[in-house]
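**Q** Sequence:
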Amino acid sequence: MQINWSRKALLQLDIIINQCVDLFGERIAIRFYRQLSDYEKRLSKNPLLGPPEPLLQNRKRNYRGLIIHDHFKLIYYITNKGIIQIADMWDTRREPAKLAKRIK
Numbered sequence: 000m001q002i003n004w005s006r007k008a009l010l011q012l013d014i015i016i017n018q019c020v021d022l023f024g025e026r027i028a029i030r031f032y033r034q035l036s037d038y039e040k041r042l043s044k045n046p047l048l049g050p051p052e053p054l055l056q057n058r059k060r061n062y063r064g065l066i067i068h069d070h071f072k073l074i075y076y077i078t079n080k081g082i083i084q085i086a087d088m089w090d091t092r093r094e095p096a097k098l099a100k101r102i103k
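Using numbering that gives the first Met the number 0, the letters of the sequence shown map in sequence onto residues 0 to 103.
Worth flagging that the hints you see were computed from the coordinates, not collected in a lab.
No residue lacks a Cβ here, since even glycine has one placed at the ideal position from N, Cα and C.
Any given hint might turn out to be false.
To be verified - Derived EDC-like pairs: lysine to aspartate or glutamate, alpha-carbon spacing no greater than 16 Å straight-line: (1) LYS7 / ASP90; (2) LYS72 / GLU94; (3) LYS72 / GLU39.
What the hints assert, rightly or not - Ranges of calculated distance between the beta carbons of each label pair, as one might list FRET restraints: (4) ASN57 / LYS7: 15 to 23 Å; (5) ALA99 / ARG26: 30 to 38 Å; (6) PRO51 / ILE2: 27 to 35 Å; (7) ASP13 / LYS100: 32 to 40 Å; (8) ASN45 / GLU94: 14 to 22 Å; (9) ILE27 / LYS80: 31 to 39 Å; (10) ARG60 / ILE27: 31 to 39 Å; (11) ARG60 / ARG30: 27 to 35 Å; (12) GLN18 / GLN56: 16 to 24 Å; (13) ARG101 / ILE27: 36 to 44 Å.
Turn these sequences into a full structure, and let the hints steer you where they fit.
**A** Following this line, the structure appears as C-alpha cells:
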C-alpha cells in the first residue's frame with residue numbers, strides 16, 4: 000500500500016532528526032531513520048498495524064497511532080483510495096491534549 004507524508008509530518012521528522020544529530024550524533028540519527036523506514040515498510044504491508052488513536056476518536060477520519068520508538072508515534076489514517084496518509088509524527092512526551100489540537 001502506498002504511503003504519503005503530510006507536510007506537517009515531514010517537518011516534524013526533520014526537526015526530530017536534527018535534534019537527534021545534535022543530542023546523540025549522526026550514527027544514532029541514521030539508526031533512528033532506518034528504524035522508521037522499517038516501520039514504514041511494515042505499515043505498507045499491514046495498514047491496520049497501529050491501533051485506533053484514542054485521543055482522536057471523534058474525527059471524520061479514523062486516525063491510528065503506531066509507536067515507532069520509545070518517544071515517537073506515527074499518526075496516520077487510510078484514505079478512501081487506500082493510501083496511508085501520515086498526518087503527524089508525535090512526541091509522546093508532550094501533553095496528550097495537544098495532539099488533538101494539532102490534528103484537525
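**Q** Starting from the hint list further up, note which numbers the structure goes against and sort them upward.
**A** 6, 7, 8, 12 and 13
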